[in-house]
Amino acid sequence: MQYTSPSAMAASESEHGPAHRLDTHGSDAGAPGWDAINHALNRVYPRQSPWHSSAPAGDAAPLPGISAYKRITPLPHWHFVTYGFSELFDKRSDDAEISGYGFELTFRLANPDDADEPPRWALNFLQNLARYVFESGHGFHAGHYLSAGGPIAADSDSAIRALAFVHDPELAPIDSDNGRVEFLQIVGLTNEEEFALKRWSTLKVLEVFHDYLPLWITDLERGSLLADPEIAARLAGGSAREGSSVGTIYADHVDWEQRKRLLRAPTTVLSLSARQVGELLALLPLRLPFGNAFGVVGPERRAVFEPAVRGNEAEVADGALHLRLDERAVRSLVSRLRAQAGIYEVDGFAALQVEVR
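Here the sequence shown is numbered in UniProt numbering, starting from 1 and rising by one per residue.
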């Protein structure tokens, strides 16, 4: 599932105070959720006290704490873990089975220079993700992805400009007194890699990447994995076999009108923004030929492309425009449509026009 980019998600060094060492082996009866996270981390790091960043009293930071563990295997990296998406103290949500949003975030960031303290921008980055979740009310799940709109480290020119979420390979879900908590790991991706997720399946693409990114460690210095012909071929093969798992994209403009014609079916004119055309052209052939619908959702209206059963047709139902296209119509639409203003017709579907603005 795709999410809209969090506002100002990229983070700089200057926003957050320094981290300090934390003893995670104590127990606090007043914080059962926090204690459960500590117990899970102590199983992985039994002899290490992490660096810990705590939000000072009155601070606007949404997360009460973030810990960072220094690792040397399989590659030197920092392993960040958040405290605050789940219920750390009292149980306040109505769902007894799930603690808060049901997850905490983790993030593995390469540490090639063997720095002794975690970079502060990474703490700010995690806090910015928390702001997005708390302000929007939308949590994350394994398989979600989003664009950062630029380098995730704001003061860098890194090619890592998108994120995906997987289950942390070393931290299994836990059951605290406040409910279940999963550990979702952030994986930093290039824009090209993010688009590869859309063309196939987030989790299947990430499984391929795991062969080249141990523990899904994010390295700000790397380029796109798709520059490797072997990786590109594996992803292309998956798309060709299974199509795309993306069923919906979001657009800044979707509209339609149906114009009556004498003694003939009305002409349906679908209006789209040029900015969404590239994504539509890439994903439509990976959805309809595999028997799956594909939706384009605008601020007020939505259009749904569906495989034709009784021939090409357009119907407005449930507040959406449903366009049913056979294979010939799909091929024609993909070959003719361009990301530039104009009116485009579709072979075999004379009653449909696509207007690009």
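Check the hints yourself; a few may be wrong.
Pair by pair, the computed Cβ-Cβ distance ranges are [what the hints assert, rightly or not]:
#, residue 1, residue 2, range
1, 348, 169, 47 to 55 Å
2, 266, 319, 17 to 25 Å
3, 117, 343, 25 to 33 Å
4, 155, 289, 38 to 46 Å
5, 230, 74, 35 to 43 Å
6, 343, 319, 34 to 42 Å
7, 319, 172, 16 to 24 Å
8, 95, 262, 56 to 64 Å
The set of hints was computed from the structure by calculation and includes no laboratory data.
A virtual CB, placed ideally from N, CA and C, is assigned to each residue, including glycine.
Hint by hint, here is what the structure shows:
For residue 348 and residue 169, the hinted distance range of 47 to 55 Å is satisfied, since their beta carbons lie about 49 Å from each other. A C-beta distance of roughly 18 Å is found between residue 266 and residue 319, which places it inside the suggested range of 17 to 25 Å. The hint said 25 to 33 Å for the Cβ distance between residue 117 and residue 343, and at roughly 59 Å that hint is violated. Checked against the given bound of 38 to 46 Å, the beta carbons of residue 155 and residue 289, roughly 44 Å apart, stay inside it.
A C-beta distance of roughly 20 Å is found between residue 230 and residue 74, which places it outside the suggested range of 35 to 43 Å. The hinted range of 34 to 42 Å is not satisfied by residue 343 and residue 319, whose Cβ atoms lie roughly 25 Å apart. Checking the proposed 16 to 24 Å range against residue 319 and residue 172 shows it is violated: the Cβ atoms sit about 42 Å from each other. At roughly 58 Å, the beta-carbon separation of residue 95 and residue 262 lies within the given 56 to 64 Å, and the hint holds.
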